[in-house]
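*Asks:* Model the full structure from these sequences, guided by the hints.
Order-wise, the sequence lines are chains L and C.
So the first sequence is numbered by this note's numbering: it starts at 1 and just counts up by one.
So the second sequence is numbered by this note's numbering: it starts at 214 and just counts up by one.
Some hints could be false.
Just some of the chain C residues that point at chain L, by a computed CB distance under 7 Å [to be verified]:
hint, residue
1, L228
2, N230
3, D234
4, D238
5, L254
Beta-carbon label-pair distances, calculated as ranges [claimed, not checked]:
hint, chain 1, residue 1, chain 2, residue 2, range
6, C, G220, L, M79, 19 to 29 Å
7, L, A130, C, G237, 15 to 25 Å
8, C, R251, L, E44, 43 to 53 Å
9, C, T244, L, D190, 30 to 40 Å
10, C, G237, L, G74, 26 to 36 Å
11, L, K64, C, S257, 14 to 24 Å
12, L, P189, C, A263, 54 to 64 Å
13, L, G70, C, E248, 31 to 41 Å
14, L, E198, C, G279, 35 to 45 Å
15, L, G187, C, E248, 17 to 27 Å
Stretches of chain L that chain C covers, calculated by requiring three or more beta carbons in the stretch to come under 8 Å of a beta carbon on chain C [claimed, not checked]:
hint, segment
16, 122–136
17, 171–185
Worth flagging that the hints you see were computed from the coordinates, not collected in a lab.
Values in this document were obtained by computation on a predicted structure and should not be read as measured data.
Glycine included, each C-beta is placed from N, C-alpha and C at the ideal position.
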Amino acid sequence: MKSAEGRGRTLDEAVDAALIELKESRRNVDVKVISEGSEETVVEVTVIDHTAPAAGSAAPANGKSEVARGLVEGLLKHMGVRAQVTVRTGTDPITLDISGRDLGALIGWRGETLRALQSVTNVMVGRHLAEGERIIVDVERYRQRREHTVREIAMRAARQVKMTGDAITLDAMQPFERRAIHLALEGDPDVTSGSIGEEPERRVVVGPRKPAE
Amino acid sequence: MPGRAAGRIRKAIALINSVADDAGDEEITPTEIAEAIRDCLELSEVDDAANVRKYLGEALDAVSDGMPADFVAMTLYAALGALREGGQVN
Numbered sequence: 001m002k003s004a005e006g007r008g009r010t011l012d013e014a015v016d017a018a019l020i021e022l023k024e025s026r027r028n029v030d031v032k033v034i035s036e037g038s039e040e041t042v043v044e045v046t047v048i049d050h051t052a053p054a055a056g057s058a059a060p061a062n063g064k065s066e067v068a069r070g071l072v073e074g075l076l077k078h079m080g081v082r083a084q085v086t087v088r089t090g091t092d093p094i095t096l097d098i099s100g101r102d103l104g105a106l107i108g109w110r111g112e113t114l115r116a117l118q119s120v121t122n123v124m125v126g127r128h129l130a131e132g133e134r135i136i137v138d139v140e141r142y143r144q145r146r147e148h149t150v151r152e153i154a155m156r157a158a159r160q161v162k163m164t165g166d167a168i169t170l171d172a173m174q175p176f177e178r179r180a181i182h183l184a185l186e187g188d189p190d191v192t193s194g195s196i197g198e199e200p201e202r203r204v205v206v207g208p209r210k211p212a213e
Numbered sequence: 214m215p216g217r218a219a220g221r222i223r224k225a226i227a228l229i230n231s232v233a234d235d236a237g238d239e240e241i242t243p244t245e246i247a248e249a250i251r252d253c254l255e256l257s258e259v260d261d262a263a264n265v266r267k268y269l270g271e272a273l274d275a276v277s278d279g280m281p282a283d284f285v286a287m288t289l290y291a292a293l294g295a296l297r298e299g300g301q302v303n
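*Replies:* The following block contains the structure:
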């Protein structure tokens with residue numbers, strides 16, 4: 001997999017620097033923040049392998065992913081949706097990527113339809129899975145892109161909290177997005193994250209970490 | 214008020230999804246989920262569309278039987294779909 005390191009004053013600048021080196025667009029890459037300071041941000045940008053075969057290296061060793069892929073493919077066919085379902089390689093939990101043209105309806109408002117599709121998939125595949133094991137369904141990398149976006153939002157909020165010392169309440173987010181934010185900030189010694197409100201309006205609050213924490 | 218039931222069902226689904234996706238920032242008990250479903254059942258508009266009450270009842274049973282979160286969510290999505298077909302959701 002092609003990857004490059006990017007440096008810049010802000011997260012956006014660092015990602016852009018790496019994208020220029022890779023000659024890629026933001027849509028096709030995975031961004032990992034290596035370090036972030038007030039002076040410089042360093043990221044590792046990896047090009048997503050869209051050509052990975054459906055029955056890739058992980059699939060034969062794990063028949064469950066193939067079963068899940070087949071079931072989702074069948075479900076989409078019944079729904080009259082023309083799309084390709086592939087198993088994302090090297091991921092845990094098993095992730096199914098659905099790609100095709102005009103799949104916005106499969107994502108729905110704030111990913112609601114996508115989330116429903118994932119629930120149905122897990123119920124269908126349930127008997128092939130171990131207890132606690134789950135299948136993640138992604139459409140046109142929507143989920144992955146949202147995770148990147150909210151991580152960037154988290155980093156920006158953390159920077160602002162460090163500058164002002166005031167807590168920031170973010171927009172209401174889905175659980176997987178809130179989780180991405182908590183994970184992105186858990187290693188930061190200066191800020192802390194928590195959530196307030198009730199579903200589906202639950203919001204992440206990023207605030208300064210108190211010395212005793 | 215049309216849409217009120219849909220809002221409550223969505224809230225119950227969001228609670229379930231929060232358990233399934235494990236955001237790690239709240240503790241949701243089956244009692245809270247059951248309460249959210251009962252809140253839906255209290256509305257008279259769930260009787261305006263066929264099968265909505267039936268699906269909500271099944272979801273409630275699934276929670277008390279300890280069925281997986283995705284199963285409960287799927288049943289609630291079915292209730293939401295039935296409500297849509299009944300014209301209660303825009």
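*Asks:* Now, for every hint given, state plainly whether the structure supports it.
*Replies:* Hint check:
Hint on L228 (chain C) holds. Least Cβ distance to chain L is approximately 5 Å, under the 7 Å limit. Restraint check, N230 (chain C) versus chain L: the minimum CB separation of about 6 Å is within 7 Å; hint holds. The beta carbon of D234 (chain C) is positioned within 7 Å of a beta carbon in chain L (closest approach about 4 Å), and the interface hint is therefore held. Using the Cβ-Cβ criterion of 7 Å, the hint placing D238 (chain C) at the interface with chain L is satisfied: the shortest such distance is roughly 4 Å.
Residue-level restraint check for L254 (chain C) is violated (minimum Cβ-Cβ distance to chain L is 18 Å; threshold 7 Å). The beta-carbon spacing between G220 (chain C) and M79 (chain L), approximately 26 Å, falls within the hinted interval of 19 to 29 Å. Judged by the Cβ atoms, the range 15 to 25 Å given for A130 (chain L) and G237 (chain C) holds: they are separated by roughly 21 Å. Between R251 (chain C) and E44 (chain L) the C-beta distance comes to about 48 Å, which sits within the given range of 43 to 53 Å.
Roughly 38 Å separates the CB atoms of T244 (chain C) and D190 (chain L), a value that falls within the hinted 30 to 40 Å. G237 (chain C) and G74 (chain L) have their C-beta atoms about 33 Å apart, which keeps the hinted 26 to 36 Å range intact. Our hint of 14 to 24 Å for K64 (chain L) and S257 (chain C) is violated, since their Cβ atoms are close to 44 Å apart. For P189 (chain L) paired with A263 (chain C), a C-beta distance near 57 Å keeps the hint of 54 to 64 Å intact.
For G70 (chain L) and E248 (chain C), the hinted distance range of 31 to 41 Å is satisfied, since their beta carbons lie about 38 Å from each other. Between E198 (chain L) and G279 (chain C) the C-beta distance comes to about 23 Å, which lies outside the given range of 35 to 45 Å. Between G187 (chain L) and E248 (chain C), the C-beta spacing of about 36 Å breaks the proposed range 17 to 27 Å. Judged by the Cβ-Cβ criterion of 8 Å, the segment 122–136 of chain L is covered by chain C as claimed, because 4 of its residues qualify and three suffice.
Residues of the segment 171–185 of chain L lying with their CB closer than 8 Å to a CB of chain C number 6, which satisfies the three-residue condition for coverage.
Hints 5, 11, 14 and 15 from the earlier list are contradicted by this structure; the remaining hints agree with it.
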